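Novice: Sequence order for the protein chains is A and B. To convert, count from 1 in the first sequence and add 78; that's the numbering used here. To convert, count from 1 in the second sequence and add 78; that's the numbering used here.
Careful, some of the hints might be misleading.
To be verified - Pair by pair, the computed Cβ-Cβ distance ranges are:
#1 B/Ala211 with A/Pro176: 17 to 27 Å
#2 A/Glu170 with B/Glu182: 18 to 28 Å
#3 A/Glu148 with B/Asp224: 36 to 46 Å
#4 B/Ser133 with A/Gly222: 55 to 65 Å
#5 B/Ser133 with A/Thr144: 47 to 57 Å
#6 A/Val186 with B/Gln135: 55 to 65 Å
The set of hints was computed from the structure by calculation and includes no laboratory data. On a predicted model such as this, the values are computed, not experimentally measured, just so you know. Built from N, CA and C at the ideal position, the CB exists for glycine as well.
In case you want the letters, here they are:
There are 2 protein chains.
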Amino acid sequence: MKMSGGVEWALHCCVVLTAARQPVPAVRLAELHDVSASYLAKQLQGLSRAGLVQSVQGQSGGYLLTRAPELITVLDVVEAVDGPRPAFVCTEIRQRGPLATPAESCLVPCAISRAMTAADAAWRAALRAVTIADLARDVTSDYGPDTFAGIRGWLAAADGHA
Amino acid sequence: MKMSGGVEWALHCCVVLTAARQPVPAVRLAELHDVSASYLAKQLQGLSRAGLVQSVQGQSGGYLLTRAPELITVLDVVEAVDGPRPAFVCTEIRQRGPLATPAESCLVPCAISRAMTAADAAWRAALRAVTIADLARDVTSDYGPDTFAGIRGWLAAADGHA
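Construct all of the structure, not just a fragment, from the sequences and the given hints.
Specialist: In structure tokens form, the structure reads like this:
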């Protein structure tokens, strides 16, 4: 099973955007993360489509979170970039072959599908339990109280607001 | 995020093998599931490498579960076919760019990686909580008490034991 690598970049961008006082251009987020701007733009478009960030147009334009980081979960970001579909797709194998179960007897998902759905729900619940604000708090706790001030300073310097 | 489609076939095979009194040839499992034998053989090889099924050689050879279905979890089968690696791979983005965290300060995984690892653990715990015996019981409960007798009869007919 594999998740899009874009999820990791998108989560880092959201955490960084908690420090932003002004819209942050995509190219600046790319520079901060040392990744190609076009690759990051794709992830930011995913976040924008999902309503997690907004793109502000104009000379001092860029990206901002659309709401408080307490209200954006890790699951929101994962689904924005990687899609909302479960990893397991039931192809109704029970309806195939010489002992096929007739379609009219397949009103509930099969036992295998149910087990997979329950695991998927547990995974999503765990991702829903963590917000971008939690991640930002963990970052401060990991690297010290000045971490976000440093990021804010770097972003402002680029804006000419240093 | 996407899981190998082989997981679904492998789980169906394991459930069917709980009904087997004799080794079941791969080609017979493929016929029962109406899928190409070469495709199914690949999944069975994965199960065999993981020690979940054994291949019995000879004229009445085929596949058998290596242990009681109570002792084979859905997670065992998922990992046998899809590999044991988590869907999320941390690429240490924090060590990149102008504000990079020095490698020597990255002794514990970053907050994003920790959140993903916790969700992965919840997913695996849910899959570990369900055994092949549970699935077989659910199948009986869904389709009636004669379901496995029917499968056993079909498998035995092929063996010439009907």
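Novice: Give a verdict on every hint.
Specialist: The hints, checked one at a time:
1. B/Ala211 with A/Pro176: 17 to 27 Å: With Cβ atoms ~25 Å apart, the hint holds.
2. A/Glu170 with B/Glu182: 18 to 28 Å: 53 Å, violated
3. A/Glu148 with B/Asp224: 36 to 46 Å: 55 Å, violated
4. B/Ser133 with A/Gly222: 55 to 65 Å: At roughly 57 Å between Cβ atoms, A/Gly222 and B/Ser133 fall inside 55 to 65 Å, so the hint holds.
5. B/Ser133 with A/Thr144: 47 to 57 Å: 56 Å, holds
6. A/Val186 with B/Gln135: 55 to 65 Å: Because 40 Å falls outside the window, the suggested range is violated.
Checked against the numbered hints above, the structure violates hints 2, 3, 6; every other hint is satisfied.
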